[in-house]
Each structure stands twice: as C-alpha cells, then as structure tokens.
Amino acid sequence: MSTGKSDGMQNTTLFYGGFMFLIRLWHYFKGYVIIIVSGLSVERFINICTRRQILLWDIERLNDAAVLMKMSIRGFRNARSAARKSRCRVRIKAKKGLPFLIWKYRKRKGFIIGLIAFAALIYLMTSIIWSIEITGNYNVETGLLMKQINEMGIFRGSAKRSINPKYVADMLMLKNRELSWAGVEIKGTKLLISVREGIQPPAMIPMEQPCDVIASKDGIVISVMAKNGLALVKEGDTVKKGQVLISGVLESIHPEFGSKYVHAMGEVMARTWYEVKEEVPEKRIIRIRTGLEWNRYSVYFLDFRLRLPSGRNPFALYETSVLDKSPVIMNRFKFPFGLIVEKHHELKEEEQALEKEQAREFAYMIAMNKISEKMPREAEIVDRQMQVVASEGREYLLVTVECTENIAIQQELEGIDGISH
Amino acid sequence: MRRRKPAEKVRRKEAATVREKVAKMLEIPEEVVSDRPKITTVGRKEVFVENYRGIIEFTNEIVRINSNYGIITITGKNMKIREITNEDIIITGDIDNIDYVV
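If you read the protein sequences in the order shown, they are chains A and B. Residue numbers for the first sequence follow the working numbering, beginning at 26 and rising by one. Residue numbers for the second sequence follow the working numbering, beginning at -15 and rising by one.
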C-alpha cells in the first residue's frame, strides 16, 4: 500500500486501542477502495460524504489539487453524486479487501471447489460419530451393550443428527434389567454411554409357584421377617447353608385336610463370617522404571492400523503406555485417524525387605481384598479381626470379617406345580 | 479566545442552552446533548474533535474545522485525517498548534 508509510498510523492507537486491528479487519472483510480525489474543493467532497454517513479514513493530501483517501465499497457507490456536486474527479487507485479477492478468484473453479470441499469435509467429519465409549458396566458385558446399540442402528460412522440420546438411553434401560441408570451423551465426535448397575435382585420365582426360603450361607440369625410362609428359625439360631428358613408348606392342624403350599417370602438377616488366611511376606518384589524408553509408532485410520518400522523392543521387562495423537478440534471433535505412540518403559525388579509391621499391613490389605470379593455388596461389615498364626516357620495372618446380610433365597418346592387352595 | 463580536455574524454565546439545562436536570451527561465541540489530544500526534460541523480546509500543514463556536485551526506537519464521520474527526501528525478563530 503506497500510503502505508504514514507514521501517524503506527503511533496512534489511543482512541481505538485494541479495536484498531478489529476495525481494519472489518474494513478488509467488507472491502474498500483507495481513491484519489482531485478538484479545487476536496474538503467539500469530504463534508458531503460524511453527511451521507459514508465512512472515510486515512485521508492524505497529495498536492494542491488531489487527496488520497480510503472509502468503503458501499460508500463508493454513493460517492458519485457527491463528486459531481463538489466538482471533484474521483479515481480508484486500488481495490482492497475480501470482496475484490473473491471477485478476482471467481473464475478459478478448482480453488473454489477445493474451498467448499474442505469446508464440507470438516463439517461432515465432525457430524459423524467416530467412537463409541461405554463406561460404568461391571457385570453387563461391553460387547452386549455395543450389540444392542448397533441394533438400534448406531454404528461408528452414524450421523450425529440421527441419534436421539434419550431414546438410546431408554432402550438400553429397557433391554438390560441390570442397569439402574443409563446416560447417553454426544461429545464432539464421541458417543459416550455411561451406565450404572443396580444391585441384582435374586432370580425370581413366579408368584404362583410354591417355594421355600432357604439359607444361602452359614450364619447366626439376627432377625426373621416372613412375608409369607412359616418361619422355622428364630433369632439366635445357627443355620447351615441350604437349611429351610421359611417354609412354604403349611401343615394343617387337622391332618385330614392335607398341606397347603405357598410362595414363601421373607428376609432373614444373619451374622456371617468370612475368613482369609494370608501369608505374611518377608519381602516383596517391586518393579521400578529404569528411565529408559523405547517408542513404537503406528498410524491408524478407523480400525486399520499400520505399524511404522521402528526396530525391535530392546527390553526384556517393560510396561507400555499408549498415547493416541489424533487431531482434535476444540477438544471435542476427534477424527478417526491419527498417530499412536506406544511408549515402552524399561522396568527392573527389586526385592524389598519388609519390616514386620509393614508386611502385616500388606498381608492385611491383600486379605481384605479377597474378602470383599467374596462378600455380597450389600453386606454390612460389623467387625474385623486379625490374628497372626505361625506355622512351619512362616507367619500367617488370619483375617475374619463379621457381617450382617440377608441370607434368604427362594427355592422351588419339588414336585408341586402350583399353589393349592 | 478573543471576545470580539463580528458584525456580520452573531456568534452563539457559550452559555448553557435550554437543551443543556434540561439534560443537566435529568442528569444526562452534557456531552450527549451539547453542541459544543470537544477536543482531545494525545501527545502531539493525535487530535480528536467531536461535535464538529465540517472541514473547511485540509492540507498537510493546516486543518481547519468548523464548529458551532468558531473555526478550530490545527497546524502542524504531515497531517492526515485518520478517520472522519458525521460526529467526529481524528487528525494525526506532528501537531504544533490548536487554535480557535472566531
């Protein structure tokens, strides 16, 4: 730009401050012309223009009869009559801005097609589900949920618009009794499905089927609440696994009337014990990273993965962390291709002698983990006991956990088809 | 500012007009309704004139701007109009002098 060297331009940013750049950008987008106005009364031309709301800027006197200025395209259309009125001659020196640029490139079809194709591609790529993530399921298999989702017509590559998150969530809830909640969310190009699993009700026996309530494990009965049937045990009784707690057979006091069979129901809370014997280790082996790393790179597109030649893994003992470096727009839109870096960290094993206290604590932790695997989730821990037992020169930790839980489960009565009345 | 009354044209007194009185009563900022020119300068590089009526002369050395209270004359070197709209005008350059000529 021939007028660019004006020093006033560079020094002055007070009145607009940071907006100056924005204003320039705005002018650029709207397009403007650099014009030379020549005549005896250029001032009159300027006045008429300003009165007609035509924005002028960077006005510079060239000589006695000519002034250089910038004017918006829209203003330029209206400026013709102003020029006539002020008897000035207006000559365009340069056309600047996006509209002119577009005009200039209008015939370059490939360029325009490319531009549109690029925009369309970006739009297309971001309006498609590229990954489906299922979280929160423990017992329900991910594969099963995925299959159900696929049956609803949702695959990787489905259009985001075609997915109704609420519908999908409802369908998942309907199809899986185990789920207590399902949430479906579209986050960028990812379909996030998070589920919660409720506590599983025991296998139901139909109401018209007579049954007993038996003990699911050994324990001492704390309370019996028979909703239907005849309670055979009472508080304080010790019961064995499989023992009938609430009977579904109601014997009549008059034997000639026979027995009545009912669908026994109830809750029997009992104290139960879980015991685990765990060896107290003298030492433990820990693995630590040596700090050496070796990376394997691969590129992928959808499920196709191509490993880039990167030599052989030099480590005998290592752990791997995988980094997915695929392009992500605005933290949301992930594309189905990218680079995967597998970082192999070399490990070395070290034996660590444990102090007695520490070793016991360690054994206790392992034991508690084992117990909590055995215990039903709804059982309530009442007491924990630890006992150190020595045998054959080794030390063992005996951990006993006392719980209260419902041990009632239903069992069908053999050989009876229905409730007799 | 000289206090001379030209014979051919009665200059408006710089007293509060009715508009301004009303504005003051309603606690509207005076600049909003006032027709008095407001001149702001920043260093010697920029002059910002609001409430002007039109430019009379514009060269690299002198800019004369008409206002309701006389002609504002700005002299200097390499002067340019950075922006001009209906209400305000921004002049940049090496400013020497800002003067009211009645």
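Read the hints as simulated data drawn from the structure, not as lab findings. Glycine is no exception: its CB is placed at the ideal position from the N, C-alpha and C atoms. There could be a bad hint or two in this list.
Some chain A residues near chain B, calculated using beta-carbon distances under 7 Å [what the hints assert, rightly or not]:
no., residue
1, Thr75
2, Leu81
3, Glu85
4, Lys185
Now the hints, each set against the structure:
{"no.": "1", "hint": "Thr75", "in the structure": "holds, 5 Å"}
{"no.": "2", "hint": "Leu81", "in the structure": "holds, 5 Å"}
{"no.": "3", "hint": "Glu85", "in the structure": "holds, 5 Å"}
{"no.": "4", "hint": "Lys185", "in the structure": "violated, 46 Å"}
Going down the numbered hints, you'll see the structure goes against just number 4.
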